[in-house]
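Q: The residues making up each chain are set out below.
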Amino acid sequence: MSKNSVYKIMAVLMLAILVLSACGQSPTADTPAQPAAPAAVDSPAQPAAPDAPAAKPSGKLVIWAQAANQDVWEQTVLEGFKAEYPDIEIEFVNYSPPEVANQVGLAIQGGTGVPDLAVTEYRSITALVELGGLMDMTTFMEPYKSDMNAAMLAYCSKDGKTYCAPWDIGPVVTFYRRDIFEAAGLASDPDSVSALVATYDDYLATCKTIKAETGLNCFALNKANNYGTMLENMLWQQGLGYYDETGKVTIDAPYVVAAMEKLGAFWQADVVSDSLEWTDPWYAEMNASIDNQDTPPVASIVIAAWMGNFLKSWIAADQAGNWGVAQMPAYTAGGVRASNQGGSAYFIPEGSKNPDAAKAFIEYVNLNVDNQVAQFVYSDYFPASQATYSAPFFLEPDPYFGGQVTRTVFAESAQNIPFGYIYGQYAVTMSGNAATALQNYALGNMSAEQALKEAANAVRLETGLP
Amino acid sequence: MDKEQTLLAPKSLIPSLWQEIKKSRWAYAFISPFYILFAVFGLYPMLLSIYLSFTRWKGVGPMEFAGWVNFSLIPQDKVFWQSMTNGVILFFLYVPVMLFLALALAVILNSGRVRGFRFFRTLIFLPFVTNMVAAGFAFRILLEKQNGLINVVMRYVGFSPIPWLEDIWWARISLSLLIIWAWLGYNMVIMLAGLQTIPRELTEAALVDGASPIQAFFNITVPLMRPVILFCLITSTIGSFGLFTEISVLTGGGPVNATITPLIRIYGVAFGSYQFGYASALAYTFFAIIFVLTIIQFRLNREQE
Numbered sequence: 001m002s003k004n005s006v007y008k009i010m011a012v013l014m015l016a017i018l019v020l021s022a023c024g025q026s027p028t029a030d031t032p033a034q035p036a037a038p039a040a041v042d043s044p045a046q047p048a049a050p051d052a053p054a055a056k057p058s059g060k061l062v063i064w065a066q067a068a069n070q071d072v073w074e075q076t077v078l079e080g081f082k083a084e085y086p087d088i089e090i091e092f093v094n095y096s097p098p099e100v101a102n103q104v105g106l107a108i109q110g111g112t113g114v115p116d117l118a119v120t121e122y123r124s125i126t127a128l129v130e131l132g133g134l135m136d137m138t139t140f141m142e143p144y145k146s147d148m149n150a151a152m153l154a155y156c157s158k159d160g161k162t163y164c165a166p167w168d169i170g171p172v173v174t175f176y177r178r179d180i181f182e183a184a185g186l187a188s189d190p191d192s193v194s195a196l197v198a199t200y201d202d203y204l205a206t207c208k209t210i211k212a213e214t215g216l217n218c219f220a221l222n223k224a225n226n227y228g229t230m231l232e233n234m235l236w237q238q239g240l241g242y243y244d245e246t247g248k249v250t251i252d253a254p255y256v257v258a259a260m261e262k263l264g265a266f267w268q269a270d271v272v273s274d275s276l277e278w279t280d281p282w283y284a285e286m287n288a289s290i291d292n293q294d295t296p297p298v299a300s301i302v303i304a305a306w307m308g309n310f311l312k313s314w315i316a317a318d319q320a321g322n323w324g325v326a327q328m329p330a331y332t333a334g335g336v337r338a339s340n341q342g343g344s345a346y347f348i349p350e351g352s353k354n355p356d357a358a359k360a361f362i363e364y365v366n367l368n369v370d371n372q373v374a375q376f377v378y379s380d381y382f383p384a385s386q387a388t389y390s391a392p393f394f395l396e397p398d399p400y401f402g403g404q405v406t407r408t409v410f411a412e413s414a415q416n417i418p419f420g421y422i423y424g425q426y427a428v429t430m431s432g433n434a435a436t437a438l439q440n441y442a443l444g445n446m447s448a449e450q451a452l453k454e455a456a457n458a459v460r461l462e463t464g465l466p
Numbered sequence: 467m468d469k470e471q472t473l474l475a476p477k478s479l480i481p482s483l484w485q486e487i488k489k490s491r492w493a494y495a496f497i498s499p500f501y502i503l504f505a506v507f508g509l510y511p512m513l514l515s516i517y518l519s520f521t522r523w524k525g526v527g528p529m530e531f532a533g534w535v536n537f538s539l540i541p542q543d544k545v546f547w548q549s550m551t552n553g554v555i556l557f558f559l560y561v562p563v564m565l566f567l568a569l570a571l572a573v574i575l576n577s578g579r580v581r582g583f584r585f586f587r588t589l590i591f592l593p594f595v596t597n598m599v600a601a602g603f604a605f606r607i608l609l610e611k612q613n614g615l616i617n618v619v620m621r622y623v624g625f626s627p628i629p630w631l632e633d634i635w636w637a638r639i640s641l642s643l644l645i646i647w648a649w650l651g652y653n654m655v656i657m658l659a660g661l662q663t664i665p666r667e668l669t670e671a672a673l674v675d676g677a678s679p680i681q682a683f684f685n686i687t688v689p690l691m692r693p694v695i696l697f698c699l700i701t702s703t704i705g706s707f708g709l710f711t712e713i714s715v716l717t718g719g720g721p722v723n724a725t726i727t728p729l730i731r732i733y734g735v736a737f738g739s740y741q742f743g744y745a746s747a748l749a750y751t752f753f754a755i756i757f758v759l760t761i762i763q764f765r766l767n768r769e770q771e
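In the order they appear, the protein sequences are chains Z and R.
Just so we're aligned: 27 in our numbering is position 27 of the first sequence, and the numbers increase by one with no gaps anywhere.
Just so we're aligned: 660 in our numbering is position 194 of the second sequence, and the numbers increase by one with no gaps anywhere.
These are calculated hints, taken from the structure and not from any lab test.
The reader is advised that the hints may include incorrect statements.
For lysine-lysine, the following DSS-like pairs were computed, each having C-alpha atoms within a straight-line distance of at most 25 Å [claimed, not checked]:
id, chain 1, residue 1, chain 2, residue 2
1, Z, K56, Z, K82
2, R, K524, Z, K161
3, Z, K453, Z, K223
4, Z, K262, Z, K453
5, Z, K223, Z, K211
6, Z, K223, R, K544
7, R, K488, Z, K158
8, Z, K223, Z, K208
9, Z, K248, R, K524
10, Z, K248, Z, K262
11, R, K544, Z, K248
12, Z, K453, R, K544
Bound-form chain R, shown alone (with noise of 0.2 Å):
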């Protein structure tokens, strides 16, 4: 027992720390009830799933070890690579316009010449507070092909109408204005939270000594603004590979698999096909490509800085 315990720590530590938890006990009570939770419904499946990546199980039944079995599949998995292409297409299409819209409209609020700011900043975040169904239902009555309102107004106008669920890129496109609509007002607030940390001083420094507001607002309030931007283009990169109901809702995945993302394939693997296993290894793949793109995007960050 002596031998084990100094492996796991020296010895003198582990009474300190023990005392230093027993000090705070309550404290910790109090917040214990995350760390329970946590560890049940969020630690126990994810260290699970590593196993079952490594298994062949149906979701009944013995799981059988497969060694890497699942993992050699994934190469030669044309659907996967294909959902992760769409990831990488919706995010140059939607992330963006999505974040220089919500920075844009952040600044217009924060400069103190809107009135009723709080009216208009809850009506561009109530989107956010939809039922993402309900809006996915209403935008698909609205893109209806031949009687969907906005077809209907392009013929009046004179255009001719736009197959908007019914073409790869049409449906790409519908489904970012879709997230656009949805997530502009929750990124807007977070830049705005932003902004707010910026002393005023700066921009009007700026703009007394000759600066354009728009040269104070991409010299100045961008650069300041990094790390916000920064923590919605993460945000937004992970939330495009991982776009469920949206999808589900709008396009189905269709046409021909063009608006499949990385988890509802993994969702159809396991509960389509059964394959808890192959699902698993899919999912750490899939993480651990986000994983890299995510320490890429920190990266570049820090190098610009």
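Excised from the complex, chain Z in its bound form (with noise of 0.2 Å):
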């Protein structure tokens, strides 16, 4: 035995000791080989290279998306796509959601295996915003940026820089029964319907007439798992959030106690019923008929336009006709009467293999009108583009909800839609804990105030913020 073969094991451990730790370090020092790849593309130190235009970008380009997005390219825009841009092979990749932005933050992390583009909701990509790892778009999305939906549009946008691009958006409506309406005596038109849903106060007392003249529930309100949709919608609609600009965290805040006091108004109430949303017995009372004993309908629901597609698709397609669209109730007289829940959009990774194909396919697909409206005809996915609202379909009349014209009542809340301090980086641990702080207070546990300190101190013990 020389020392020759100490030498040699230690050599091997020293080696492997370097690659291992070599996994941890971040993704720049990591990467030598490609860094280039994210200045390339939208530096301005580089103006339109003379020679650049007559080349069509080309090359394989791989796509992170869930398959329902998948569906509606192919189904409508796809095949012009691959006319265009012949020389692009896509390949697509399906994850949830949720799942399509932890899979890219890994990436990134990793250095290595980011798509050349991908979409989620906004609910994600805005932790990935602030966390970094996003191409900057700044001057891609300039001539686009007037036209876009501006609440969702600063979801993208971080110190004056854009890092996604809007694809759809969920307005916020009022969806109601007509025939449910008209056994309560109550009108049952859209716009009488806007009037009797004006504000929350409003809302709550067309409920108790129904309840009182049908013995039907108003709308589904969990208890004991209730996510804090509603809660949020009436945040959102003031312009406030579980934080505010500061980036101070408000959760416990009067105006948020304020609210869920409001909310807790219709339970008081009892004029709710405590069906789970996206469970069978939450779908099974919009699709139920009015004398239906053992599945008592419900009379309304306050969600994003989206549901539109939904109920006339899957939840509810035996209510044809029934349906109709008025608008969300405002906080207070007079307030705003339009929030949003989920929509997503598009953004490229820092080391993108091929930048150039992925700006190309959402010029075609998301930033061309026609285009756009073509997806939403097949979809319902709400444009968040507003030049899109006045094609001719968004007045074509709706079968589905008794020949109404609803598009033009999506497109009025879209318009009107203020940003809101729900999204961001936190969005999933502050969202969650005001659900449990709304469940505490439903079930009775705590006073709102009392739940909401609790929430809001947990939020800030696991985030640091103040």
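Now that you have both chains on their own, put them together as the hints suggest.
A: Here it is, written out as structure tokens:
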């Protein structure tokens, strides 16, 4: 046994340690092979090289998106895109929206394996925008910014730069059952119903009438597992939320307590059902006929425009002609009658191997008004692009909604959405803790103030925010 | 160099060890894939996690060294302690019932009086190989408050329906039912293997001497099965704090965090808030607690022996 062998062992060990520790370094240090990739695309340092416009983007384009997104593209615009860009070869990878963000985050950290282009929900994107690792699209998006919904574009922005391209948004409206409103002796045309639900106080009074006259519940508002979406609407429409512009946690602010108590009035008046969102009883209540004794229907639901497609296609197909669309309630009289739920955007991670093809895809599929309308017609993904709202399709009556022209109601809500402090880097933690507070309050475990105080403290501890 | 070598080990030991390794190098080569994979995917993350627990790191960007800050937050973290309490409650709700049922079923199957032994063993084991997400959804549909099959039957028989997933305690019980259903077969098979090492003559002799089957079970089978029961107990203890899929699918942690476990909490901190430093600190605190609990279980067992 010579010293040599010992050196060999040690060399192997050192190498192993080096290799292992290299994995932990930041992606910039880890990928010297492609340091120019992010800069090459959007940097103003390269103002349109003279020979650039001639070559069309080509090569492989890996897109991460949920299966439903892929379906929309395949059914509407993908053929056209392929004809326009025959040299781009698209490869889809399907993940659920939160998983797209998780996987992209992990890939950015790992320094390898990012997709060339991805689509996910604002709720998840905002965290990536804050954390970094997304390609700067400021210059690319500049011509389209004024057309995009300003509140949702703000979620794509940080320090004056744009990191994602909004696709769809979720303008909130009130869906209501005409037959139930009529049975309660109330007017059932959209304008009258909008007046009947002008504020949450008016909505509560209307709900009481419906309950008294028909015995039916006004909407579903689960206690034990409530996700807090109604509470988020109430805050968002006031331009408020779980934090403020300074980054301070406001979950225990008086205005959140007040909103929670306003929502609590619906439980106290016993006008809501206890079904949990996205479960079978919740669907059944929306599809039940007015005289169904086993599953009594609910009279309304305040939710985003995309629900229209769900109602007609699979949740409440039996009730064609009975559902209508009115404005959502204002928080106080004369206040904003618009909020947002969900919606998604395109983004390009730094390290994308084919950013040119990614941009070509966004430009053709998402930023072209005709193509955007085609996708909306097929999917009811409500566009963030406001230029689409003047398309003739928006004025077409919808037979499912009794021939009502519903899309103008959606568009009105869309154009009034304020910026709400709901999504953000800590959206998941904040909404999770707020939902727990709402559950505690609903079950009578705590007062609204106490429950929100606990939630706010939990968020402060976990996030380190003030 | 010489000085360092003597620090590491006596000089004579290293060459002989090396000789040994060299002699059986093929054996080492054949077992090396596991150790290499373990080092990369097991050991390295574990060690990195220790370092992470002393930093603030958002998953992207630089790691800021933070000293003991992460650990100092843990005592005030009500959600984490609630998750630990939930783990303890779940443990008492399902582990005794499950282990007793597993042992009882194993003894019955092992008694030699059951026709179609293999059939029943497979049947009881089947839930363990069933996909948990599918099973969880099936349970959710069965336990649904209004129109779930169980409540429909309850109402038909004349009982008031049970808020299976809407009440703190019922949600925990529902979860326990799912876990028992899924893990009973696994524990039973291990108990069965243990029973087959106990000579049948012992029980037979006791029965001949006039002991009742129940006396024989408690005085002969249970004491001899103690190491196997301990193994099941420890894995179930760790399991009840580390439940994840069962909860994600069935209760989502609700109502009011009554069914979140430490693992769910740690995952939420890491992938919900991107606080990988704090999540690592929680993970190591959790590890320390589980470690102590396991040692206590071993000690208790040894004392009883």
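Q: Take the hints in turn and mark each one as holding or not.
A: A quick look at each hint next to the structure:
{"no.": "1", "hint": "K56(Z) with K82(Z)", "in the structure": "12 Å, holds"}
{"no.": "2", "hint": "K524(R) with K161(Z)", "in the structure": "21 Å, holds"}
{"no.": "3", "hint": "K453(Z) with K223(Z)", "in the structure": "19 Å, holds"}
{"no.": "4", "hint": "K262(Z) with K453(Z)", "in the structure": "17 Å, holds"}
{"no.": "5", "hint": "K223(Z) with K211(Z)", "in the structure": "19 Å, holds"}
{"no.": "6", "hint": "K223(Z) with K544(R)", "in the structure": "22 Å, holds"}
{"no.": "7", "hint": "K488(R) with K158(Z)", "in the structure": "59 Å, violated"}
{"no.": "8", "hint": "K223(Z) with K208(Z)", "in the structure": "19 Å, holds"}
{"no.": "9", "hint": "K248(Z) with K524(R)", "in the structure": "19 Å, holds"}
{"no.": "10", "hint": "K248(Z) with K262(Z)", "in the structure": "23 Å, holds"}
{"no.": "11", "hint": "K544(R) with K248(Z)", "in the structure": "21 Å, holds"}
{"no.": "12", "hint": "K453(Z) with K544(R)", "in the structure": "12 Å, holds"}
When the structure is compared with the earlier hints, a violation turns up for hint 7 alone.
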